[in-house]
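Number of protein chains: 4
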Amino acid sequence: MLYFYTDYMEGAHPEVMRRLMETNMEHTTGYGSDPYTYNAKQLIREACGKPEAAVHFLVGGTQTNATVIDALLRQHEGVLAAETAHINVHESGAIEATGHKVLTLPEYSGKIKAEDVKRYITDFYRDDTYEHMVAPGMVYISHPTEYGTLYTLNELKELNNVCREANIPLYMDGARLGYGLAAEGTDVSIKDIADLCDVFYIGGTKVGALFGEAVVAANPQRLPHFFPLVKQHGALLAKGRLLGIQFETLFTDNLYQKMGEHAVRLAMKLKKSFTDKGYKIFIDSPTNQQFVCLPNDEIDRLSQYAGFELWGPKGKKESKVRFVTNWATTEEDVNAFIELL
Amino acid sequence: MLYFYTDYMEGAHPEVMRRLMETNMEHTTGYGSDPYTYNAKQLIREACGKPEAAVHFLVGGTQTNATVIDALLRQHEGVLAAETAHINVHESGAIEATGHKVLTLPEYSGKIKAEDVKRYITDFYRDDTYEHMVAPGMVYISHPTEYGTLYTLNELKELNNVCREANIPLYMDGARLGYGLAAEGTDVSIKDIADLCDVFYIGGTKVGALFGEAVVAANPQRLPHFFPLVKQHGALLAKGRLLGIQFETLFTDNLYQKMGEHAVRLAMKLKKSFTDKGYKIFIDSPTNQQFVCLPNDEIDRLSQYAGFELWGPKGKKESKVRFVTNWATTEEDVNAFIELL
Amino acid sequence: MLYFYTDYMEGAHPEVMRRLMETNMEHTTGYGSDPYTYNAKQLIREACGKPEAAVHFLVGGTQTNATVIDALLRQHEGVLAAETAHINVHESGAIEATGHKVLTLPEYSGKIKAEDVKRYITDFYRDDTYEHMVAPGMVYISHPTEYGTLYTLNELKELNNVCREANIPLYMDGARLGYGLAAEGTDVSIKDIADLCDVFYIGGTKVGALFGEAVVAANPQRLPHFFPLVKQHGALLAKGRLLGIQFETLFTDNLYQKMGEHAVRLAMKLKKSFTDKGYKIFIDSPTNQQFVCLPNDEIDRLSQYAGFELWGPKGKKESKVRFVTNWATTEEDVNAFIELL
Amino acid sequence: MLYFYTDYMEGAHPEVMRRLMETNMEHTTGYGSDPYTYNAKQLIREACGKPEAAVHFLVGGTQTNATVIDALLRQHEGVLAAETAHINVHESGAIEATGHKVLTLPEYSGKIKAEDVKRYITDFYRDDTYEHMVAPGMVYISHPTEYGTLYTLNELKELNNVCREANIPLYMDGARLGYGLAAEGTDVSIKDIADLCDVFYIGGTKVGALFGEAVVAANPQRLPHFFPLVKQHGALLAKGRLLGIQFETLFTDNLYQKMGEHAVRLAMKLKKSFTDKGYKIFIDSPTNQQFVCLPNDEIDRLSQYAGFELWGPKGKKESKVRFVTNWATTEEDVNAFIELL
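Going line by line, the protein sequences match chains H, L, S and R. Position one of the first sequence corresponds to residue 16 (this note's numbering), numbered consecutively onward. Position one of the second sequence corresponds to residue 16 (this note's numbering), numbered consecutively onward. Position one of the third sequence corresponds to residue 16 (this note's numbering), numbered consecutively onward. Position one of the fourth sequence corresponds to residue 16 (this note's numbering), numbered consecutively onward.
No lab work stands behind these hints: they were computed from the structure. Quantities reported herein were computed from a predicted structural model and do not represent experimental measurements. Honestly, I wouldn't trust all of these hints.
For identical chains, the list gives no copy identity; a pair is met inside one copy or between any two copies.
Below, in silico cross-link-like pairs of lysine-lysine (BS3-like), each with a Cα-Cα straight-line distance of 27 Å or less [what the hints assert, rightly or not]:
| hint | residue 1 | residue 2 |
| --- | --- | --- |
| 1 | LYS128 | LYS329 |
| 2 | LYS133 | LYS329 |
| 3 | LYS331 | LYS133 |
| 4 | LYS65 | LYS287 |
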């Protein structure tokens, strides 16, 4: 079987496992007070070019989004996000469970536009009854988006500008950040992100770790009292060093970037094989998720040999499907799949 | 250095690590839909003698408590617990963050008495204004308690009786359950717990796993719609199999019990060395946590060679300290410590 | 000045005030345990043809919506409502503050369609990942809607059917119910509503009371433990009799219906005057809110003599405006306005 | 029947009713934007000697406490209060429902001591694991307390000092403030309260209004964005002027003070009659609530003619009872009762 179903089907990158094994019987204090966590934070600060940044490690994505959003908003505020945003669609109401509304904006292949944010805020405060409505208190974006697409540096700058003007923070969900940083043609580096987003997280779960997400705020004042909030959200790992060791490994010898590049290269190879065959790419993603329309027969045939996901309901003749590569995808599997195709 | 500081200073039992390594590159579907998780659930159902039980795997203790309590209570209800209960003291308000009050009861070395629960409930409903107060909606106990003590089978039966009469669930926090099941002289088995507690969890984090807690409800109707609630609480691990593999290992070849026995045996050895020297045991714990009063000089001297925790503020001449053993504590370290003493 | 701005600009119907004065110095027990409240509940049960119904009096609309929705939903559920629903737009996030998401449906002049509800629910449970999403746990409608429109009996039956099939409750926000019941041509009676909606409220604030909303559930089992929840939501009035006296008066001698008829008759007179002049009615409302497009000059001229509300942003040449009548609107004022026009 | 049961058994002071009647058919805009509300705020600012103070009108006490506390705390913080505090005991978990823990302190006839607050905070931050616990984020006091007792000016200054040092706000629940300000021998004026408490509320419900509480913050920066929070908590009255008119009346011609004096004078008369008869006053209250031990026979006999409340469970021979006077209590009733005694 060939696996293109999701990017969290395997364990961790062998190097991560090696380090976990190697350190397994060491004794360290808990909750992130260990030297591995300290070192991992330093490596991330360095990678971001932000020596003063606050770095916090949490376990999973939904948890991270809920904790950060809860930390950034006041009670009467909501979070602006694309209709298709993970926080709006696929987190079982985790954001609302903390008391906050997700305020939706139109999406363009999963992205939002600075002008829509601006218009929302302008219209909001122009309305005489705005105090009866949920105030836009922050902006949430994902990069790559749920559709694999990426913001350009210019788009991020525009979003940053709009947020500066409105005096609200910009937050980036980087669950798949590694695949975004490694995309061909992207002009956005992790340093740019650390400059332009008040808070963002570097996804580990989908990019080589067993689990774990690293929250970064260039200005630590953005996340005051974050530790007790992490605890309150049930997001504090007792053996915090497990997160430290993993992120230390990911940010040593450029591993995070290399894994991203590997997955993206294979995704591009898959994409090319689809376009070469004349199939329609329905979202043009430069990252590790590829979205293509295939004839239903072909889907049935391929499904015998390869795992991938139907994207929405099955069509009459053809259907949308998603193929995902990751750090663990092998060139052999991709070649075998292209062969099949 | 000799380590008796906490029971979460190391990674996981080598067998757990071996299995994680062995399966690392396998491809499985996410969120606990994998065969390892399926198998782990079966093994736990078997150990509990409850073939129909609902079993859910979560990541950490505070998270598990908050999710289960939120699931069991209606909005106007609170949870009865000892004043010293972890949920009342050391979870940064995680229970209140879900909207529920912790209703405190007197504690006796960390335990509560069925008669106090009964009195609370009787007094509550006898008060004309009870609808203006938070209704006792469930009972929380920990076993071992935060002080290492254990309920007897009879005490559990009494608590169960009181809860049956009041028609409210009894929930056990088993963060250190393995050390309780293995205690000398305990007459409480995991089957008894599954019989007498509506919901309980089997702690992994402190007993041999990297992380993970297994929630068990003999009657699955007690936890309807628990999956989306787990997700909403940010407690759903994407790579659910990591929990499955770990608990599968813990419940294979009696490993969970063996680790408990190992730690308890060494704790008893420590305890004996204290009493032999004439030091006062201030809480008589039959499990892996030992509480002893030591002269301050002795504390200072021992601290050079061994890690342990001051329990409360430092006294004038002597102070209370806690020593903790776990699955990873070695006989050599214990012997070396006794030597020191 | 002529007042058509909102329906909550005056105090209460003179008969309500007379009764409040008359009883002012009487001594009664608090929190709704008084005989006026008892009697008011009986009168409402009678009007609804539901002798067993639970009736609860709360103070205001947002409070009532938040309390009822919190009572009806489980933690993982959200409430289906029109995009334009008051709970989605104008309650400062009161629903989300209780932890629940508002799941939006398309609106048709403020109404939702049973088929859209059905499709939402069907699609939801057809999605493999539905447990990662917020489950539709109830349906919210307003009648009259925020745009003055009304459901037909048949539409309510269809909504009821869909909810029965899905086993979720149907809740009606009746903030302006009096104006809906009195509309010409409506085939929906309060008895129909009590039959078809699991829970609904009879608005007092906008229909003759100083304040107050009466929550009705034909089957009291739908709202178990509602009293402490009302208290918890800060919605319990100490001097509960103030609500009892007001609703007793509203449901004596058909006053509630008469006030509705008065306001609707005058609204229809206004509407006719607009259409007679050739102005475009942009939402065809049979109730006390009227929506018309007027040339900007005319708006400016009329504004000197009459209060009414711009509905949305000002247009280039003409703009949408809303005129509202209520129980306190006088025939003289309406005539004077028609004269002006 | 003679009524000493509670202080919310009647409607409103006749002057309040007269003003409500007089203005009943006037047209004003909603939500507190009317001139009566404006004027009432000015009168309260004047009474408090704080021309810049923020003043907000809410409907009831529990609602006010929940809204203010939610506004003042950050997510990881709780509120320090006496064990017997209304927010801890009699609000159906309204504070916890907003996500915050009530942190209890010892009570002395309903009051707390500054030294206990100081010790709590000092001990809290001295604990290495304080970030795993709920941080004390504000102090709640009631004045008069639930037991009718009052803080002295010096005690308030001490509490203020402790709060200043800890940089947390001091909040006073003044549900019965009028009876406190009018107590014989009190050295605390409303100006002192406005000086020493960051936020407090002036109770209307129990002191002459139909309903209503006035929240005051000398420094309006203490309650930023309070309006949407009031709305979100369901505490915003559509016909806001009802609150404005009531408080305007209460703060005109010294009515609020006069009502307090009236009730307190009669309460003292009752108290004297008890002590003259040799009955034991078990809480020495200088305000409108009086607490006395009476023989059970006497309780039974008196209950035929007068309403008062058993305070706690019935004793064997004698029991504790509470007598309450208010603005509506008549000298005749008090005399008649003394006669009975």
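Legend entry - Unmet hints by their number, sorted upward, for this structure: Hint 4 contradicted; others consistent.
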